[in-house]
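Start from chain A and add chain B according to the hints.
There are 2 protein chains.
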Amino acid sequence: MLTKNKMFFIIKKDLSSLENLLHETVTSPVDLITDIGNHLISSGGKRIRPALYLLATKSNPNLDKDYVMPLAMALEMIHTASLVHDDVLDNAATRRGSATANAKWGNNIAVLTGDYLFAKAFAAIAKNDYGTRISERLATIVCDLSEGEILQNHFGYTIPDSIDIYYERIAKKTANFIATSCEIGAIVAKLSAKEVDALREYGYCIGMAFQIVDDILDLTSDSKKIGKPAGNDILQGVITLPVIHAYKHGENSEELKNIIENRQMSLEELNRAINIVKNSNSIDFARQTVTEFLNRAKNILPDSLPQSVRTSFIEIADFIGSRDY
Amino acid sequence: MLTKNKMFFIIKKDLSSLENLLHETVTSPVDLITDIGNHLISSGGKRIRPALYLLATKSNPNLDKDYVMPLAMALEMIHTASLVHDDVLDNAATRRGSATANAKWGNNIAVLTGDYLFAKAFAAIAKNDYGTRISERLATIVCDLSEGEILQNHFGYTIPDSIDIYYERIAKKTANFIATSCEIGAIVAKLSAKEVDALREYGYCIGMAFQIVDDILDLTSDSKKIGKPAGNDILQGVITLPVIHAYKHGENSEELKNIIENRQMSLEELNRAINIVKNSNSIDFARQTVTEFLNRAKNILPDSLPQSVRTSFIEIADFIGSRDY
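Protein sequence lines correspond, in order, to chains A and B.
Just so you know, we're using the working numbering here: the first sequence kicks off at 72 and counts up by one.
Just so you know, we're using the working numbering here: the second sequence kicks off at 72 and counts up by one.
Honestly, the hints are just simulated from the structure, not real lab data.
Don't take every hint at face value.
Copies of the same chain look alike in the list, so a pair counts if it works inside one copy or between any two.
[As the list claims (entries may be wrong)] Computed cross-link-like contacts, SDA-like style, restricted to lysine to any residue with a CA-CA straight-line distance of at most 25 angstroms:
1) Lys83 x Thr203
2) Lys175 x Thr229
3) Lys175 x Phe226
4) Lys136 x Glu207
5) Lys175 x Asn333
6) Lys136 x Ile230
7) Lys175 x Asn224
8) Lys198 x Asn133
9) Lys349 x Gly321
10) Lys261 x Ile112
11) Lys319 x Leu86
12) Lys136 x Ile205
13) Lys198 x Ala242
14) Lys198 x Ala170
15) Lys77 x Ala170
16) Lys175 x Ala163
Looking at chain A on its own, in the form it has when it is part of the complex:
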C-alpha cells in the first residue's frame, strides 16, 4: 500500500493503530457481519484518505489520539462501504486480488453490509463532539459519492457536451472526498480558516489529478500493471478526460463516438477507440491537466505548516504525478 512509502513516515504509528481500530469497529454481535468486515479490511486498500487526514492533524503536536483516530476510521469506513456497493453495482468478482463481498456472500448481504459500514462510521464519530462542520462534511461525502455514481451510471456510454460535466462527476466521485479528508484534518488540528481552506483545495487538486491519472492508465497500461484490461472504462461506459478531449479535438470523432456509445462494442472496436484516442494529443492534454492540478496543489500549501508535514504533502503530489502502476 501507498502508506508504506516514506512520505507517510510521520504517521506510521497512527496508520498501524488505524488497522486495529478498523477491525474493532466492524465487530458486531452478528458474527456474519464481523466476518465480512474483517475480510474487507484485511483485503487491504491504500488508506490514502485517513493518511491525508492524519498528516494534516500532525500540524498540531498537542492532539489527543482518542479524539483524532475515530475520524481516520470513519473516512476509511465510508470509503470501504462505498466500494462494497460499487462492487455490487459492477457485479465485480474481485478487488485488490480478494473476492468481493457480493461474490462471497451474495448481493443482498453486500448491500446490507455497505449500509452497516456507513452507519458504523457515523455512529463512531457521534461519540465525540466534532462540531457541525465536520459532521456535515462527512455526510456530504456520502451524498457526493452516490450522486457521482448515479451520474456515471445513468449517463454512461454518452460523451458529455461539456468537459465540466466530467469534472463535476470526478469531483463528486473522488476529489471532494480527498478534499474533505485534508480539510477535517486541518480543522481537528485547529489551523486557521485560511489554512483549512488551503488544505481542502490541496486535497481537491490532488484528488482530481489522481483520478485523471487513473483515466490515463486505463488507456495506456495493461492488465499486468493495473489488474484490468486496457480500455476497461470505455467498456463500462465510463467516459474519461482523454476520450472527451479526443472527441472534441482529435480526428475520427464520429467513429470514436459511435464505438463509445455502443454498449455491445466488440474487442476490435474497443481497440480501435483506444487507438483513435492515443493518436490524438489527448493523452498529452490529460497529462498536462494533471501537472496543472498538482502544481496548484503544491503552490497552495501554506508556508506556516510544520516543515515535515509540508514536505510530505509535496511528496504525495509528486508521487501522484509519477504513478505508473
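For chain B alone, kept in the frame of chain A given last:
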C-alpha cells in the same frame, strides 16, 4: 395514512410542514435524484416515526420549529432509504400501490438512491447541533436495521432455537427505530432522564407489538386487506412468532418445520403450514403477547406528560392493538 387519525391531531400542522421539508430535502442538482426522491415521498407512507417523535416534542411548548423539524425529516428519510434497499433485496415491484425505485429505475440506481437518502438525513441534522446522544442514536438505527435484515436474510427458512432470537431480530428491524423516535423527541423536549427512558421504553413496546400484529395479520388476513397473499412471510423465509410458538408447543411440529425450511414449498404446503399454526393456540399466544407489550407501553407513560400528549400516546397503543387491515 395513520397520521390522518385524531390521535395525531395535536401535530397536524407539523406533519404537513414535514411533507414540504421532505420534498425540499431530496432536491438535488442531479435531476434524476430529485425525480426519484419526489416519487418515493409522494408514494406515501404512514410517517409513524416522525409522528411519534413530534408528539413527544409537544411535551414542551417552547421549542423552535427550525430545531424540531429536521429530526422529523431525518427519521422519515432513514426509513424511506431502508425501504428502498429492502425493495431491491426483495426484488419488489410495488410498495403501497406505487412502483418501487428498483422497478422503475433499476437496482443500481435504487441502491445509490438509498445511500443518498441515508446521507441526506445525516447531512441535514448536521446543520443543527443536537448533541452526541441524538447523532449516535440515529446512526445506531441504521446499524440495527442492517443487522436485523442480515439476520433475517442469512437465517431465513430456519426456525430459531430460541424465541429470543426472534425478539432480537424484530427489535433491530422495527422496535428500536420506534423507540429512538420517541426517545429523541423527549430529549429535544428537554424532559428529565427518567421521562426520556420511559418514552424510549414506550416506543420499544409499541414497536414490538406493531411487528407482532404484522406477523399475525400475515397469517390471518388476506390479500384484499393487507395487499399481499396470506403466508407471505413463510414464503419469504421470514419466521414469525406464531410459527415459532406452533413449532415449539403445537402438534405436527416436524411437518411444520419441513415445510418452513423448504425454499421451494408448494402453495398447498404453504396452506398446510398456515393451518398447522392456526390449529394450535399460537395466534392467541401472539395476541396475548401484543396485549402485554401494549399494557407495558401504556403503564410506563409518565404522569408528568401534558394530558394531550399522554392521551395521544395511549390512543396510539390502543390503535395498534385494534389494527386489522
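These are the hints, each one checked on the structure:
1. Lys83 x Thr203: neither (29 angstroms within a copy, 30 angstroms between copies)
2. Lys175 x Thr229: The answer is between: 21 angstroms across copies meets 25 angstroms, while 32 angstroms in one copy does not.
3. Lys175 x Phe226: between (29 angstroms within a copy, 16 angstroms between copies)
4. Lys136 x Glu207: Both: 22 angstroms inside a copy, 20 angstroms across copies.
5. Lys175 x Asn333: Answer is between; shortest inter-copy Cα gap is 23 angstroms, intra-copy 31 angstroms.
6. Lys136 x Ile230: Answer is neither: 47 angstroms inside a copy and 46 angstroms across each miss the 25 angstroms cutoff.
7. Lys175 x Asn224: Answer is both: 24 angstroms inside a copy and 15 angstroms across each meet the 25 angstroms cutoff.
8. Lys198 x Asn133: within (21 angstroms within a copy, 28 angstroms between copies)
9. Lys349 x Gly321: within (10 angstroms within a copy, 74 angstroms between copies)
10. Lys261 x Ile112: neither (30 angstroms within a copy, 41 angstroms between copies)
11. Lys319 x Leu86: neither (44 angstroms within a copy, 51 angstroms between copies)
12. Lys136 x Ile205: This pair counts as both: shortest intra-copy Cα distance 17 angstroms, inter-copy 24 angstroms.
13. Lys198 x Ala242: Between copies only: 23 angstroms across chains, 29 angstroms inside a chain, cut-off 25 angstroms.
14. Lys198 x Ala170: neither (33 angstroms within a copy, 39 angstroms between copies)
15. Lys77 x Ala170: neither (30 angstroms within a copy, 54 angstroms between copies)
16. Lys175 x Ala163: both (11 angstroms within a copy, 24 angstroms between copies)
Comparing the model with each earlier hint shows violations of hints 1, 6, 10, 11, 14, 15; every other hint is respected.
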